[in-house]
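Protein chains in written order, with the UniProt record's numbering: chain S, 1 to 277; chain C, 1 to 153.
Some hints here could point you the wrong way.
[Unchecked claim] Here are the simulated DSS-like pairs of lysine-lysine, each with C-alpha atoms no more than 27 Å apart in a straight line:
no., chain 1, residue 1, chain 2, residue 2
1, S, Lys223, C, Lys91
2, S, Lys89, S, Lys18
3, S, Lys258, S, Lys223
4, S, Lys89, S, Lys21
5, S, Lys141, S, Lys274
6, C, Lys91, S, Lys224
7, S, Lys267, S, Lys141
8, S, Lys258, S, Lys274
9, C, Lys128, C, Lys6
10, S, Lys224, C, Lys57
11, S, Lys224, S, Lys141
12, C, Lys57, S, Lys141
13, S, Lys267, S, Lys224
14, S, Lys224, C, Lys128
15, S, Lys224, C, Lys5
16, C, Lys5, C, Lys57
17, C, Lys128, C, Lys57
18, C, Lys6, C, Lys57
19, S, Lys223, C, Lys128
20, S, Lys88, S, Lys18
21, S, Lys258, S, Lys224
22, C, Lys57, C, Lys91
23, C, Lys115, C, Lys5
24, S, Lys223, C, Lys57
Because the hints were derived from the structure by calculation, they are not lab data.
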Amino acid sequence: MKALIKDIMAPAVCVIQKFRKETQDTFTLELSPPEEGFSFSPGQFNMLYMYGIGEVPISISGDPADTGRIIHTIRAYGAVTSRMMTLKKQEMIGVRGPFGTHWPIEDLVGRDILLVAGGIGIAPLRPVLFHILSNRTRYGKVLLLYGERTPGDLIFRNQIESWRGRFDLELEVTVDSAREGWRGNVGVVTTLMPRIVLDPSNTAAMLCGPEIMMHYTIQELTKKGLRDDQIYISMERNMRCGIGLCGHCQLGPTFVCKDGPVFLLSKVRHLFRKREL
Amino acid sequence: MDNSKKTLELHPFFEGMDPDLLDVMACCACHREYQPGQFIYREGDEADQALLIIEGKVCVEIFAAQRGSLVIQTLGPGDILGWSWLFPPFKRRFDARAIELTRAIALDGGVLRQKADEDHRLGYELLKRFSRLVVERLQATRLQIIDIYGKHI
Numbered sequence: 001m002k003a004l005i006k007d008i009m010a011p012a013v014c015v016i017q018k019f020r021k022e023t024q025d026t027f028t029l030e031l032s033p034p035e036e037g038f039s040f041s042p043g044q045f046n047m048l049y050m051y052g053i054g055e056v057p058i059s060i061s062g063d064p065a066d067t068g069r070i071i072h073t074i075r076a077y078g079a080v081t082s083r084m085m086t087l088k089k090q091e092m093i094g095v096r097g098p099f100g101t102h103w104p105i106e107d108l109v110g111r112d113i114l115l116v117a118g119g120i121g122i123a124p125l126r127p128v129l130f131h132i133l134s135n136r137t138r139y140g141k142v143l144l145l146y147g148e149r150t151p152g153d154l155i156f157r158n159q160i161e162s163w164r165g166r167f168d169l170e171l172e173v174t175v176d177s178a179r180e181g182w183r184g185n186v187g188v189v190t191t192l193m194p195r196i197v198l199d200p201s202n203t204a205a206m207l208c209g210p211e212i213m214m215h216y217t218i219q220e221l222t223k224k225g226l227r228d229d230q231i232y233i234s235m236e237r238n239m240r241c242g243i244g245l246c247g248h249c250q251l252g253p254t255f256v257c258k259d260g261p262v263f264l265l266s267k268v269r270h271l272f273r274k275r276e277l
Numbered sequence: 001m002d003n004s005k006k007t008l009e010l011h012p013f014f015e016g017m018d019p020d021l022l023d024v025m026a027c028c029a030c031h032r033e034y035q036p037g038q039f040i041y042r043e044g045d046e047a048d049q050a051l052l053i054i055e056g057k058v059c060v061e062i063f064a065a066q067r068g069s070l071v072i073q074t075l076g077p078g079d080i081l082g083w084s085w086l087f088p089p090f091k092r093r094f095d096a097r098a099i100e101l102t103r104a105i106a107l108d109g110g111v112l113r114q115k116a117d118e119d120h121r122l123g124y125e126l127l128k129r130f131s132r133l134v135v136e137r138l139q140a141t142r143l144q145i146i147d148i149y150g151k152h153i
């Protein structure tokens, strides 16, 4: 992996090449990488710095094989991301990274892959799908389950439509509520689980979304016979430094920014959903 | 009847059910087909059957003034549509509409209630299975209403 800069605490200046509004509160930034280049593994994140406002951890949502762009898909949740939503093409943003662990896609060659995304959790999983679809014969059955609030909140809509047309990918989208005319599923993402067929002996699952969604998804996967060492989760905490130095994202003995955000569930089962941490 | 019993046996909702009880259930069963857009029932209708969806997709809707019909749930193969036939006042609370060509097994609610009263083994099996369904739907609904993907800052 090629980091942006030698001094990891100093942000590199990146120019916004493209700003695309995905939904009313979600947008995608395409940044030009610096001259020294940039590469990442699916699941990693960058710290994006809005000068004078603040810095936030954002997963990389682009294709890992595409080294010509750094792509981030962001939901405007707080002060920094809301301000980011006002950025325009050719404006600049500070970037540090990439940080953290990644989805173990190379270790899962030959396996069936289940991806479960909730809300903006689709963004860190999209690079996995890019990689798998570019190396499709190396993997078994591939399923993507994606849950959102409403049809209007679905991101990557065009891409999802094109993925839906593939015969080598099973894709189910569900929303929490919809108006008349929506022909897709309505219900939380866990309600899709009884409808899918998995081979528990050969499936690896990768989950990304709100912790409560992952919690109930894990319960459904356990019912289907998957063990904790077949399930990977992406955790979210208050990441600041990105290198396990400041302690803001500490979760028991682990630092989510350095030891995560991607964890094998069996390694963090005792920490997951623990209120005291 | 034999065909219905076979379908019931294969339906996940009745997995592991005593074959004698399945025979009784099969007596109350018939095949139904609904075209895309067709209402299966409407709010306020008498709840006289449970549907075991074999194929297709059904949406459960509620009508809200000035907002129109809101889809609150979709059901597909392997799902059960309707439990109001089991509990007074035996009225439908929502609309249900096929959004794809849907094939289902319909179980006559009135006959099933009568048979469950006569044979408590059947009654207990039905209550166990439908209670689990109600609990699963309640849990899913709780997740649905807390807006887990929304802003919580």
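Hint numbers contradicted by this structure:
1, 3, 5, 6, 21
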